[in-house]
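Peer 1: Take a look at the letters that make up each chain.
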Amino acid sequence: MTGLACTRGGRRLFGGFDLTLGAGGCAEVHGANGSGKSTLLRIAAGLFSDYSGEVEAAPCHYLGHRNGVSALLSPLENLRPYERLGTGSAWEALARVGLQDEWENPSGQLSQGQQRRVGLARLLLGDKPLWLLDEPLTALDTDGRRLVRELVESHCGGGGVVLCATHQTLGCSATEVHLEP
Amino acid sequence: MTLKEFWHRLGSPKWFYQMSGPWQRAFAILAVLLIVVGMAWGLAFAPPDYQQGNSFRIIYVHVPAAILAQSVYVALGAAGVLLLVWRMKMAQLVLENLVGFGAWMTALALFSGAVWGKPTWGTWWVFDGRTTSTLVLLFLYFGLYALRRAIPAREAAGRACALLAVVGVINIPVIKYSVEWWTTLHQGATFKLTEAPAMPASMWAPLLVNVLGAYCLFAANLIAKLRTAILRQEQGTAWVREWAGREARP
Amino acid sequence: MFAVQFRRDWLSLRRAKDEAINPLVFLFLAATLFAIAFGGEPRRLAGLAPAIIWVLVLLANLLSLEALFRRDFEDGTLEQLLLLAEPPFAAVLGKVAVQWCMSGVAMTVLAPVVALLLNLPLAVLPALMLGLLLGTPALSLIGAVGAALTVGLRGGGVLLALLLLPLYLPVLVFGVSATLDTMAGVGAAAQFYWLAAISAMALTLAPFATTAALRISVEQS
Numbered sequence: 341m342t343g344l345a346c347t348r349g350g351r352r353l354f355g356g357f358d359l360t361l362g363a364g365g366c367a368e369v370h371g372a373n374g375s376g377k378s379t380l381l382r383i384a385a386g387l388f389s390d391y392s393g394e395v396e397a398a399p400c401h402y403l404g405h406r407n408g409v410s411a412l413l414s415p416l417e418n419l420r421p422y423e424r425l426g427t428g429s430a431w432e433a434l435a436r437v438g439l440q441d442e443w444e445n446p447s448g449q450l451s452q453g454q455q456r457r458v459g460l461a462r463l464l465l466g467d468k469p470l471w472l473l474d475e476p477l478t479a480l481d482t483d484g485r486r487l488v489r490e491l492v493e494s495h496c497g498g499g500g501v502v503l504c505a506t507h508q509t510l511g512c513s514a515t516e517v518h519l520e521p
Numbered sequence: 009m010t011l012k013e014f015w016h017r018l019g020s021p022k023w024f025y026q027m028s029g030p031w032q033r034a035f036a037i038l039a040v041l042l043i044v045v046g047m048a049w050g051l052a053f054a055p056p057d058y059q060q061g062n063s064f065r066i067i068y069v070h071v072p073a074a075i076l077a078q079s080v081y082v083a084l085g086a087a088g089v090l091l092l093v094w095r096m097k098m099a100q101l102v103l104e105n106l107v108g109f110g111a112w113m114t115a116l117a118l119f120s121g122a123v124w125g126k127p128t129w130g131t132w133w134v135f136d137g138r139t140t141s142t143l144v145l146l147f148l149y150f151g152l153y154a155l156r157r158a159i160p161a162r163e164a165a166g167r168a169c170a171l172l173a174v175v176g177v178i179n180i181p182v183i184k185y186s187v188e189w190w191t192t193l194h195q196g197a198t199f200k201l202t203e204a205p206a207m208p209a210s211m212w213a214p215l216l217v218n219v220l221g222a223y224c225l226f227a228a229n230l231i232a233k234l235r236t237a238i239l240r241q242e243q244g245t246a247w248v249r250e251w252a253g254r255e256a257r258p
Numbered sequence: 175m176f177a178v179q180f181r182r183d184w185l186s187l188r189r190a191k192d193e194a195i196n197p198l199v200f201l202f203l204a205a206t207l208f209a210i211a212f213g214g215e216p217r218r219l220a221g222l223a224p225a226i227i228w229v230l231v232l233l234a235n236l237l238s239l240e241a242l243f244r245r246d247f248e249d250g251t252l253e254q255l256l257l258l259a260e261p262p263f264a265a266v267l268g269k270v271a272v273q274w275c276m277s278g279v280a281m282t283v284l285a286p287v288v289a290l291l292l293n294l295p296l297a298v299l300p301a302l303m304l305g306l307l308l309g310t311p312a313l314s315l316i317g318a319v320g321a322a323l324t325v326g327l328r329g330g331g332v333l334l335a336l337l338l339l340p341l342y343l344p345v346l347v348f349g350v351s352a353t354l355d356t357m358a359g360v361g362a363a364a365q366f367y368w369l370a371a372i373s374a375m376a377l378t379l380a381p382f383a384t385t386a387a388l389r390i391s392v393e394q395s
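Residue numbers (the numbering used here), protein chains in the order written: chain W, 341 to 521; chain S, 9 to 258; chain Y, 175 to 395.
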């Protein structure tokens, strides 16, 4: 992305923002509350279109504030459609995030952190080169944070790209980017 | 200037503001002239109708309002397409500033129709094809207004209204047809404008003048509102500051 | 994509049955109210029954449309759908199809009972049901555009009614007049063709408009 600028509700969020990430690149976006971190990720995902500048993004997985996990469906049922993307099995993805014992309960009965893990499991399906993570550590325990770090490291190790908005640090080697108006 | 350049300029509020001043004045003057002439001609000099007497003269308010009511909605639909497909900034302003005018014209058409209906048909309101579809049009305007008020983000509100306006324009012919079907089938005895004897030129000429006057009023009103909205929207930019400085100086 | 989304929504529907059934109960209840209010004159009621049934079907449909995208919007599934469904309109169509099964089809099946309550002659019943079957897809499809525009807004329900009811008018007109004409012994083929045509038009255009509307709504969150 080059020369990216965005104004929301008459307030300038950021301007002249440049970022290029090559294969294996990982960037952490920092910035105060309301500085536009989430909006930046949504722009990259193609979920927000009122901006100026150039954005070129590979096919991506987006994990937003909301997990994208339907409360009425079990974790497995939530992940099933993503198996159609080609690679990975929903079972293995669930096992990777430590939810193999919870596969059949409606997701609404899981804790916040467990639901977040279902969202993380989705990243493992479909082999998308770009991951856009918006505060991935929210609601996760120490174990879960380590899981995120491992997932990000192995994704970048395999040539994937991660763009992550966070207040904490992921704990892996990453470029740090600051958003300013 | 190539067509493409013109297209780009049309989408630029700054360019529009700078070129539209004379146009606004021209349309305003034309509107006043045409409406004054048309009204005087229609109300004082046109001959009375041989059946309806003088009450037919409300046609000089009713028909321009009804025509404008529909034209404005079609214009909204066109602006909607421009906004959705090309993201034209001006189209958003048009959408925001035209709904009120269209709704008032529709209300005026309905009101004048009712006033006219009383002496002619003997009742204020008849569910005939035209009255019903005009009423539905008023509801469509209400819907646009309500949707815009309900969405807090201005940009999103503009695009949502654009989509609704386009859907509405596609639906209007179907609505009109269905209503006409209904009324011709179940109310054989309704009065219809089209069944009245053809008007002599001394009657329709002032009507034409009034319709043209109403279009000019529409244009002048729209341009004036757009200019105000542009200044408000672009108030932080350099060209507005410069403009304000120049205007302030004597 | 259509089949995937259809199965997904069908599962959700089965796990939240009460929500889906409430609009049907409303239809039933409102028809009962009409029948009681007209208590003294069942014969007059028969002439009005087609109009009453169709208006109630419109309203019940609005009630069930309101929830069409709300849950998905709130838990973020909707943004995932827009990101990953290829093409998104097929998934949207899948959702609308499930909604139609629970509104249009279910109401058609319920129509005989409601008609009985309102004293509609039995001979007219096939015309009423055929009209409902042909007309309700248009209601669901056009309604989905409105539901997509108002999802996540305050006071979405009333707003939805305000946006959609004028657009529902043609379906109401042809639906009621088909039933009335059959009652009067006149053929009503033209109205059925019209209902089918409106549904077909809605089927070709509405999914795209709905997808566009969903994008607009998701962008604001």
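None of these hints come from the bench; they were simulated from the model. This structure is a prediction, so every number in the text was calculated from the model and none was measured. By construction, the Cβ of each residue, glycine as well, lies at the ideal position given by its N, Cα and C atoms. Heads up, some of the hints might be wrong.
[Claimed, not checked] Partial list, computed: chain W residues near chain Y (C-beta under 8 Å):
| no. | residue |
| --- | --- |
| 1 | Y402 |
| 2 | R406 |
| 3 | P446 |
Peer 1: Hint by hint, say whether it matches the structure.
Peer 2: Hints, verified against the model:
no.: 1; hint: Y402; in the structure: holds (6 Å)
no.: 2; hint: R406; in the structure: holds (3 Å)
no.: 3; hint: P446; in the structure: holds (7 Å)
Of the numbered hints listed earlier, not one is contradicted by the structure.
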